[in-house]
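Protein chains in written order, with my numbering: chain A, 1 to 395; chain B, 1 to 303.
Be careful, since some hints might not be right.
Stated by the list, open to error - Distance condition first, Cα-Cα at most 25 Å in a straight line; then the derived BS3-like pairs of lysine-lysine:
# : chain 1 : residue 1 : chain 2 : residue 2
1 : A       : Lys42     : A       : Lys7
2 : B       : Lys61     : A       : Lys226
3 : B       : Lys298    : B       : Lys285
4 : B       : Lys61     : A       : Lys201
5 : A       : Lys384    : A       : Lys371
6 : B       : Lys256    : B       : Lys41
7 : B       : Lys41     : A       : Lys201
8 : A       : Lys366    : A       : Lys384
9 : B       : Lys256    : B       : Lys226
To be verified - Not the full set, but computed from the structure, chain B residues with beta-carbon under 8 Å of chain A:
#  : residue
10 : Lys41
11 : Asn42
12 : Thr58
Just so you know, these hints were derived from the structure itself, not from any lab.
Glycine residues also receive a C-beta, built at the ideal position from the N, C-alpha and C atoms.
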Amino acid sequence: MERVRRKYVLTGNYAAAYAALHSRVEVVAAYPITPQTTIVEKIDELISKGEYNTTMIRVESEHSAMAAAIGASAAGARAFTATASHGLFYMYENIWWAANSRLPVVASFVTRALAPPWNIWSDHQDVYALRDSGWILFLARNAQEVYDLIIQAFKIAEDDEVRLPVGVAHDAFIVSHTSEPVEMPMQDEIDSFLPPPEHIKPLLDPENPVSVGNLPTAEQHYMLRKNIWDCIIYSLSVIRRVGREYTELTGRNYGELIPAYKTEDAEYILVTSGAMGGDAEDAVDVLRDMGIRAGHLSIRLFRPFPHDELIDKVADSKAILVFNRGVSMGLGGVITADIRDSISKEALSIPVYDFIVGLGGVEVSKDDFIKAVHDLKTGKLDMKKTYYLMGGEYV
Amino acid sequence: MFRPAIVKRLGEEELFNPGHPACHGCGFSITLRHILKAAGKNTIFVVPAGCTSIVAGTMNKATFRVPFYHTPFAASAAVGSGIIEALERRGRDDVNVIVWAGDGATYDIGFAALSGAAERGHNILYICNDNEAYMNTGIQRSGGTPRGAWTTTTWEGKREAKKDLIRIMMSHNIPYIATATPAYPLDLYNKVKKALSIRGFKYLHVLNPCPPGWRIDTSLTIEVAKRAVLSGAWILLEYEDGRLRLNPPSNTMLEKRRVPLEDYLKIQGRFKHLFKPENKWLLEKLKNDIDEMWNWIKEMLAK
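Extracted from the complex, chain A is given alone in its bound form (with noise of 0.2 Å):
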């Protein structure tokens, strides 16, 4: 069937912004910071020209934007805020606040640097910092996965079976500031896609009246959690099923929660998350041709971590190596941490090298991943090791 298609030059900033408003979100709260600010100036002015009905509330802080963003969600509203690295750590309570009271709230994450020194860039660091939190955290590589992520966003947080807050991701600058084409669906079919807000159950009804947070037993907290556990573990079958509605709608892929990049017969994978899937890519056709067989997986959804994927998408490879844009201090790289969890689980040898890059913005180019799968080869690298990987030299 031939669709007719709105295809905008957008930047992922401007993606996530139509994302939110083509979900027909009713309540977004939001405080400025670079490089989040143009998500929240484009929403406010499509409100401003009358194209969108969507309430916006402008706090005085991010620890208020999320909290607003909580108050209108517990009252049964679509709610969305957007923000990055200190914003993130300042809302940092209310984030679990979110979690542990079942809120379908969406966010958009502009992934930056932590300060001191102050620092703009790009840096995974900020969202690394929710993985325990029990929101689903996706980490999108373009803007055109920064539209399709929120979109299918609302329809996982708001599934009933679910009910967690879900976090969409993209990189400082690199995909928050780049124009690129993005395809965007027709508004009547993002209607037919994601049910209309008013379908959400309101925790905060005088018709039904009842207390949240109350004091628990200890038995109580522990349930909750593990509740939390059990529809975040639950979640992967629907985002799963949403990605596949989705790309049912779209004709993109959005079936794997891991993109994988000629994996299937590859020796050496590289796995990576975010922006720096492309360079990965350059990198794997470049070795391709020096006859290296290289593939690459693109860690898009973070939380719950899709592990069964993993395990099929690497099964056979002889070397895994794992690009952090993130390090937890004196174990090693965040996701390199994860794909080991995973490894280990299946009792599976497959040696994981850990490498770190692009930490404050640096650049990652293919260079980088060439140099790393050449220093494997020739067995210059150890296992055991954290490679700090920056402009194709170790630091």
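Once you have looked at the hints, place chain B on chain A.
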């Protein structure tokens, strides 16, 4: 149109359940009962960390018969903003949103959120439950603790004055500000009713004695609250459309008809060190704080 109530018309419906875990003689639990009578069941309560986090009950039980949402310490005013916007989108203009926050949550950690919600003019009633210290965590001083008061972090009496939050809220140009205490329940009830009849951000500040924190006998809660007003240490007032008005009995105290401040202080253990000769200066400074407040009131009324 707002009409003041009389006792027999307060209503028999209780939305604040008995059997809650407040301390014996808790001042604010009496206040809450009257607030809920005034607000009625179409009300959503938003409450940050504090004594009320406990008083609200243990899980699967509830003290409040209205929807009740616990929030992080600094978040309640902003959560209230989100709730009212969501309600307005659904056309629910019949539901009151009441933020009920302690003095610590109001004067200190949640002040930015309070100021922000007031500046945005969100249609909520923010009530400060002022018991003049962080009582729930064990009587630590707050910005709302009066000068001279003992707390577990001011063993020789707080050296600094109580922050003048009423004047700070007045400078936000919100449509309604009032003060109250549980010793004058009709005054309290009417102020809640009036506040909820006004659109926009309303601020109600209630002084609630705390027997463990103020070191008073549990039978003296109302007596102490009354003496706070009669001595002029607490002033019952309303600030509406830029006009200040004193309410009875504070309106009779302009011409030095206050009872001695000592009558209020002496029945509270937290002020007992003020009566040692070496602390006379501190008592005088506290008296001076209260005189200054009255001087300002007189100036405002003369305008």
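Satisfaction of hint between Lys41 of chain B and Lys256 of chain B, Cα-Cα up to 25 Å: violated (42 Å)
Restraint check for Lys384 of chain A with Lys371 of chain A, where alpha carbons must lie at most 25 Å apart: holds (18 Å)
Lys366 of chain A paired with Lys384 of chain A [C-alpha distance capped at 25 Å]: Cα-Cα ~24 Å, so holds.
Hinted pair Lys41 of chain B and Lys201 of chain A, Cα distance within 25 Å: holds (19 Å)
25 Å Cα cutoff - pair Lys42 of chain A, Lys7 of chain A: holds (17 Å)
Cut-off 8 Å, beta-carbon criterion: hint that Lys41 of chain B touches chain A: Hint holds; Lys41 of chain B Cβ to chain A Cβ min 6 Å, cut 8 Å.
Distance restraint between Lys298 of chain B and Lys285 of chain B, which requires alpha-carbon spacing of 25 Å or less: holds (20 Å)
Hinted contact Asn42 of chain B with chain A - closest CB pair below 8 Å: Result: holds, 5 Å to nearest chain A Cβ.
Hinted pair Lys256 of chain B and Lys226 of chain B, Cα distance within 25 Å: This hinted pair holds, its Cα atoms lying about 17 Å apart.
Restraint satisfaction for Thr58 of chain B [CB to CB of chain A, less than 8 Å]: With a minimum Cβ separation of about 5 Å from chain A (threshold 8 Å), the hint on Thr58 of chain B holds.
Hinted pair Lys61 of chain B and Lys201 of chain A, Cα distance within 25 Å: holds (21 Å)
Restraint check for Lys61 of chain B with Lys226 of chain A, where alpha carbons must lie at most 25 Å apart: holds (21 Å)
Consistency note: the structure conflicts with earlier hint 6 alone.
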